[in-house]
Amino acid sequence: MAKKITRRNFLKSTVVGGVAAGMGFGSYQITYGQAKKPAGPIKIGGQGAISGAHADYGWQMMAGATLAIEEINAKGGILKRKLELKFMDEELKPATAVKNVRYLATEWGADFLFGVDSSGSAMAIGPVLPEVNRLHFFCHAATHRLTEELVAGKGIKQIFRMVVPVYQDALVAWILKDMPEVKRIAGINCDYEYGYVAWNLFKESIKRFRPDVEFVAAAWAPFWTMDFSSHISAVMAEKPDAIFATPWAGEGVMLLRQSLMFGVFDKIHLWWQAMGGSVDLLEGISREIEGDKFKGKLWGTARYIHNYPVSPENKAFVDAFRKRWGKFPNYSAESSYSSIYAIKTGAEKAKSLETDKVATALEGMELKTPAGPRLIRKEDHQAVYTVPAGRAMKSPDYTIPILGDLRVIPAKDYYRHPPFTPVAATK
Amino acid sequence: MRLKTLLLILLILLLLLIPAFGGKYILYMAIHILILSVFALGFNLLLGYTGLLSFGQAGFFAVGSYACAKILLVMPSLLLGVIAGTLAGGISALILGYLCVRHSRIYFSMLTLSFGMMIYSLAWKWRDVTGGDDGLVGIPRAPLEIPGIFSINMSSMGNYYYFVLIISLIAIFIIYRMVHSPFGLTLKGIRDSENRVAYAGISIRTYRLLSFTIAGLYAGLAGSFLPPLENTVTPPIAHWTHSAEPVMVTLLGGIHTFSGPIVGSILFYIIKDIIVRYTQYWLILFGSIVILLVLVFRGGVVIFFTEKILPMLSRRSPPP
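So the protein lines, in turn, are chains A and B. Residues in the first sequence are numbered from 1 upward in steps of one, following our numbering. Residues in the second sequence are numbered from 1 upward in steps of one, following our numbering.
Same shape as in the complex, but just chain B:
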């Protein structure tokens, strides 16, 4: 068995055993890291693989969250809520993406920023549906059930963690297969030279739209994990500052590596969570550390380790 597979199995085992050894807060943070990882992985399909920088992903995250919350408020079924949230994120991305993917570079970024902020305004103003600035409250953490087949109570944080973990692992596996498939290679081709890909007879717009929709599906999925966890959904999750989170964690972890967004998400939460405990001036420290990390780890933390540290270690090891 290869070292990489062994490490992966150890990591999955570690994740599975967190409820046994971690407290409630560790579980809560682990769920948040998983949510941001899924969100950022979808985002990186756009940035890292397709070469499109979107500042509106928080809008699709929010659509997923609100859709899941509305479902859970009328019909307590976790599975239905998460499916509805994911689909809502994907459908809204498909509709808005149709208008955005005609453009690239800064024009694309500005369009996504505008549409994202439109969703934010909608969440703020459409009180009858979204609850306005107070949002939707009292959302239940409904059981995971298929009537007549099984039902698992999700009121404990541990059970909900397993639910989020398993769905996230499946989502990560799917996107991994996707980026290593001909579809993923085509996206990379579009990122590197869209003219060459176009000359090969491939529709750039269609592939960009597909990438945008998949990123929307992932944002919707990540968003739908939130209402059962927090019991509430409020407009700030649609704000552009929330869209900046996947951008930041992807840059931190590494744009051109698959695991970059996941590593970035872990670092983001750990750094922030530790700093806010000790100082009220956490923003200054947090910003300084992020700048330092981005400057020192050019290309991301993952690239730094795989291209600088690992070769250095292997050079030092004695010959067999």
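Isolated chain A, as found in the complex:
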């Protein structure tokens, strides 16, 4: 006797049949392997913060990459193929950053990836890269864990970082080495991993040269802090001789302006603004520097500064960038520009676009970049290059303030080296 088809049975059959059909058809699905793609342009997908208060960082990244791609395309491209760029908004949200990576790699068909401003986004993207199997060149995200934990520790070979991480922020230790008058140091730091690690690395470094210094106060400012008056008052109550500060971009500008209102620069010998050499920050305090409000006591560095090194490569890059965009490049522009050239060098050496081959070609390679020679360290895929520290000042040669009176410390002295020991990422 024929079995009656009830709604329940029908639904049950639909679900079971659908899953089976889905799994069956799945085996015939088009895969996204790089080898199967027809030869067209080489697709390069990038992302950075291009909306919100930190949008200039993402814009600079896009501008640097665009410039490099235009230059390379004008000379015939890579392996006789032109380059095509798609740049997306990371929104400084890890979930968005991961979604962008998946879209760019699997839907748009990117051959290479680059960019990313936030450390959280970088750490979220890292574990996804083996799945999408694309090389990702990180151009900002400062966390040391990206290369130390994910590359050297977990062996994620798809990660390359072209920009110096938080190691750079401790550089002031080498300046304070020769300033015996500074004995009491206070910190105004970001209340998240970047601030904790920068402060801890600095304390570790300075103790090597100056065991006599005291860390008298530390104030912690959450992301998006715009009123630093309580932080400044708290640390100044301890009468420090020097201040170590990590707030960056617009927050750094606000902190420095507010410290002037508190008369901080009359009472200290040195203020270290870790990312004080970034173009956006120097532009933000341009009038104060021109008026010598900081009394020559404001020092900083960045992950690249446009007036160093004095080399034909750097001059050509800065001139081309200014001609193309009418602005000075900051470090995210230089690192994205260098990332595109790293892709070119790696692919041409490997004579292939395949992830493994390009990665192997790049390991241990020294690249000529605007920031100077960059060594791609084999163990952690971290680019090693030197960026000096300097004093914020006005120069007749530039339309915006620069870091001058440069102190060049070799990168090998202030970088951490494998095998890595953990850095305290707590207050």
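Among the hints, erroneous ones may be present.
Under the rule of at most 25 Å between Cα atoms (straight-line distance), these lysine-lysine pairs were calculated in the BS3-like manner [said to hold, decoys possible]:
| no. | chain 1 | residue 1 | chain 2 | residue 2 |
| --- | --- | --- | --- | --- |
| 1 | A | 43 | A | 80 |
| 2 | B | 188 | B | 70 |
| 3 | A | 86 | B | 272 |
| 4 | A | 412 | A | 378 |
| 5 | A | 203 | B | 125 |
| 6 | A | 412 | A | 177 |
| 7 | A | 157 | A | 86 |
| 8 | B | 125 | A | 43 |
| 9 | A | 394 | A | 295 |
| 10 | B | 125 | A | 427 |
| 11 | B | 70 | A | 427 |
| 12 | A | 177 | A | 295 |
| 13 | A | 154 | B | 70 |
If you are wondering where the hints come from, they were derived from the structure by calculation, not from laboratory data. Since the structure is predicted, the reported quantities are computational estimates derived from the model, not experimental observations.
Using the hints, position chain B against chain A.
Then chain B, alone, in the frame of chain A:
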């Protein structure tokens, strides 16, 4: 068989066949749409059925995500992770809901916003447990298994999609039955006139708390789907801007329809995903489209179609 049932079966078939025809990214987006749908359906139990606007649902979503992530990091069992995440979302909603449901209207919304942001701060500051701003990384997409009975590998996106789809369909079915039960009618009664319901001898607070806890369970369930998908959990998922997503998709789809939040979730992802591909000024365009949709489709897209378009079509069709 009624047309509605047939359409439902076709829709389920279509969902089941996505892995066969869609690429990896389509699957990934489909999972995200399912997550937001479950999240928004739970939220709409509060807004659409109970009349309470919560701005803290992202907090419970995050509790679910972090609980699932912690379980998966120490014990690779997907089922355990999802159950723990769902329960954690529900329990935290029960505790905080006890303090919130005493109030209504703006006071309720402000309280939920505050508690939600407290969870966000906790996720940001409690580094030892949550990993701070970097969050928890390297979360495995553990197999779906009951030791000694079965084990299904979830490393492929297709398998994970089926897992999320089936659990989501069950969750949708449960909430559908719930809102069409006397319990659902009571919630609607509270929404429309809480005094009348109170005079009938029903405890308003208890029902509100139940609704809040169920919404928390759904937020926790949606949150627990995320760590195995992304391999990471970070504090922004607890931020109030994430709480605004279910609000937006529910308004877009329709507050007073069951399927409104699901339709809103699909529209939200499709619109956003298409716009971000073509312009860096996506926020302006996205905002303008959402404003336009809300203004044009008063009461939501679903209401617009069921009350305006369908009657118009049936009037035009020739008499039998």
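Each hint tested on the structure:
no.	hint	verdict
1	43(A) <-> 80(A)	13 Å, holds
2	188(B) <-> 70(B)	37 Å, violated
3	86(A) <-> 272(B)	16 Å, holds
4	412(A) <-> 378(A)	15 Å, holds
5	203(A) <-> 125(B)	22 Å, holds
6	412(A) <-> 177(A)	17 Å, holds
7	157(A) <-> 86(A)	23 Å, holds
8	125(B) <-> 43(A)	39 Å, violated
9	394(A) <-> 295(A)	12 Å, holds
10	125(B) <-> 427(A)	11 Å, holds
11	70(B) <-> 427(A)	23 Å, holds
12	177(A) <-> 295(A)	21 Å, holds
13	154(A) <-> 70(B)	19 Å, holds
Checked against the numbered hints given earlier, this structure breaks hints 2 and 8; the rest are met.
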